[in-house]
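Novice: Sequence:
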Amino acid sequence: MWEVFQAERPALITVSDPFDGFHEATLSGSKTCLIHFDRNRYSVAAVAAGKPVQVRAYATRIVVWFNGAIVAEHPRAFGHGHTRYNPLHYLPVLVRKPGALRNGAPFRDWDLPPALATVRTRLGRGDDADAVHRAGRRLRALRPPARGAGGLPWNGMS
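Adding 183 to a residue's 1-based position in the sequence shown gives its number in the numbering used here.
Since the hints were derived computationally from the structure, they do not count as laboratory data. Heads up, a few of these hints could be off.
Computed list of lysine-lysine pairs in DSS-like fashion (alpha-carbon distance at most 27 Å, straight line) [said to hold, decoys possible]:
no.	residue 1	residue 2
1	Lys234	Lys214
2	Lys234	Lys280
3	Lys280	Lys214
Bear in mind the structure is a predicted one, so any value in this text is a computation, not a measurement.
Build the full structure now, drawing on both the sequences and the hints.
Specialist: Structure follows, in structure tokens:
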């Protein structure tokens, strides 16, 4: 076989760019900031909720595009019924519904930054009737300026 390869080698064309192999599909982000791909679920940035997105499935990762910008990237899940969350995708939702920080699925196993951990602890105790309102104000203060196509805050990467 090596001899055949050596004989054909002068006729081979050099590839200028690496091959970017992926399967692409257009899906809709759900109202819960999830897409369903290959019997698994992946979170997307809140800006893409309820809107059509382009999913590029590579061998080891899933990349989700919306309006020309990446709104999610996750390690690819194999098997069925897995859900991959990036809690940062849900921060804009927390501004409107800070109580979700207490027991929302995307935040359950997230090692929160100290400021958000304090907010979650206070929300969980329920010892302050105004805690949810104050948490929303704090989350709004934490938001960096929007950037990227579609006004995506944060980079949406995981």
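Novice: Next step is simple, just say for each hint if it's right about the structure.
Specialist: How the hints compare with the structure:
| no. | hint | verdict |
| --- | --- | --- |
| 1 | Lys234 - Lys214 | holds (9 Å) |
| 2 | Lys234 - Lys280 | holds (21 Å) |
| 3 | Lys280 - Lys214 | holds (14 Å) |
Checked against the numbered hints above, the structure violates none of them.
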